[in-house]
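Assemble the complex: chain A is given as a structure, and chain B must be docked to it using the hints.
Number of protein chains: 2
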Amino acid sequence: MSGSEFQLIEWLRARVGRDPRVPVGIGDDAAVIAPSAGAAGLVAVDMLMEGVHFTLPPATPRDVGRKALAVNLSDIAAMAGVPTLAVVAVALPRARGYEFAQELHRGLHELAREFDVALAGGDTNVWDGGLVVAVTVFGEATARGPVLRGGARPGDWILVTGALGGSLAGKHLSFVPRVREALRLHEAAGLNAMIDLSDGLATDLHRVLDESKVGAVLRAEAIPVSDAARAAADGRTPLEHALEDGEDFELLFTLAEEDARRLLASPPIELPLAHIGEITTGSGCELIDTDGKRRALPRAGWEHAF
Amino acid sequence: MSGSEFQLIEWLRARVGRDPRVPVGIGDDAAVIAPSAGAAGLVAVDMLMEGVHFTLPPATPRDVGRKALAVNLSDIAAMAGVPTLAVVAVALPRARGYEFAQELHRGLHELAREFDVALAGGDTNVWDGGLVVAVTVFGEATARGPVLRGGARPGDWILVTGALGGSLAGKHLSFVPRVREALRLHEAAGLNAMIDLSDGLATDLHRVLDESKVGAVLRAEAIPVSDAARAAADGRTPLEHALEDGEDFELLFTLAEEDARRLLASPPIELPLAHIGEITTGSGCELIDTDGKRRALPRAGWEHAF
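Chain order of the listed sequences is A and B. Per the working numbering, residue 1035 is the first one in the first sequence, and the count goes up by one each step. Per the working numbering, residue 1035 is the first one in the second sequence, and the count goes up by one each step.
Honestly, the hints are just simulated from the structure, not real lab data. Treat the hints with care, as some may be off.
[Stated by the list, open to error] Some but not every residue of chain A turned toward chain B, in silico, with C-beta under 10 Å:
| id | residue |
| --- | --- |
| 1 | F1040 |
| 2 | A1048 |
| 3 | F1172 |
The beta carbon of each residue, even a glycine, is placed where N, CA and C say it ideally should be.
Isolated chain A, as found in the complex (with noise of 0.2 Å):
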């Protein structure tokens, strides 16, 4: 095997070139970066593991960098924030070599790029064990200030980009983190709530009526159901593949019906939206399927258990 980590650290600083935003980069003990211009800022982490969140193949290392910036700059755009930087720890299997990191660094670099998010710093280490890519990213708010989770009123409509389930199929390596759709809407009608579906729109939503301690009912044949979900043919229907099924990351929103409507008269960006539902006072969630009879929408979906 050709390399190691540090010609990769080498490699990885000529390639990634100066940015205002990180007057000190890789190559010391933390990177310097410029102080914000005193909005709110943001930070999220996620870390993705081999044979959990993705598996080589069919992932290409490419793919998995790519992913690793993916879900965390969709959690900037569940917050309506700007992405700025990231910085990128990564565990790589010995076994895989040089090129396979180079690889795993170019994909996360192409979305960064994409998504003008300076890459600050990171730590690359070697071990026998799989892959593993934790990256944290830092963003800003707007003057809207930030969209919570816990932000949802009672009449508040619920929203969704997109098309829901059967991500699995390809879109979970694929996607295109929300985060100009979020900016829009959230400039364009002030959104009271907002979450990225990446545990499945039954467990998400759950998690938005928790923090805003409120209910909600849903419609069955209004949710946008992807044709990944159509075509799963695995006994579970498409409709239970949109709430179920993890890794849409698509945006789930609440605002207030007169904002609603106004969006949808006039939406702000190209990709669809659907209105689903209804935030209710009280708790939990009501599914009112397609022959009309309501039944209780239990949180399920995506859940790690010990």
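Then chain B, alone, in the frame of chain A:
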């Protein structure tokens, strides 16, 4: 096994408490942090992996949690910065269970409290691989500015704190990051360059020399050798341990001769300070052995290879 990720997050959330530096902490997509007061920001990230940076046992999960933060605080110390916030990403081995995870976080929280570091957020995952902990720490430089690796000048004296070598015997888990010492030293004397000794004196000194584009001469007899290095009895000399062992987490710094003399005459810290050599023009490092012979000191010590 009892518990789940959700339970753990709720436990963490109840445990971490409010901090004015983190208006929104654990429990949202990203943490909201207060804007900095205008100081240059610092960011460090380090990942610890089972079998590489610790073994369980002899290390306890509490030790590992503590160390995962401590290595990052040591990086902030090496910039003469004040650590303020941390985020933590963990890959937990499924078989270890819930209490193991709690113990890990307890170790981390104890050290965070000791250094007044707010825990802003994290990501907790379970998998079938070994334990991995990645911590990202934020800090702020003081009014004197951060101390970089690249500031050493010919004529500077080279000093180190504490005693070196043999860290694997225990210090690699129990070391106290030299945050307070770095601040006092920089305030008292204006340091030109600094690094924390994580990969061994020889390797880390070369990093300072490379970044500063200078050389150095060290005197073997002046290098402070730890009791653990003397006790090692593994065929390597105590000096070799002091030069090559990783994870001392002491500070190596350079400063002008007159400042160094003043510092040594009236040290602002209780830890021993040793004057081990000088910065020269040129490149690379020479070691003057105890018998007066000069030899090149190669870059050595702890480096992970593919």
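Hint check results:
1. Below 10 Å, beta-carbon pairs count as interface contacts, and F1040(A) has one with chain B at about 6 Å; its hint therefore holds.
2. Using the Cβ-Cβ criterion of 10 Å, the hint placing A1048(A) at the interface with chain B is not satisfied: the shortest such distance is roughly 14 Å.
3. Annotation: F1172(A) was flagged as interfacial toward chain B, and the flag holds, the nearest CB pair being 8 Å apart, inside 10 Å.
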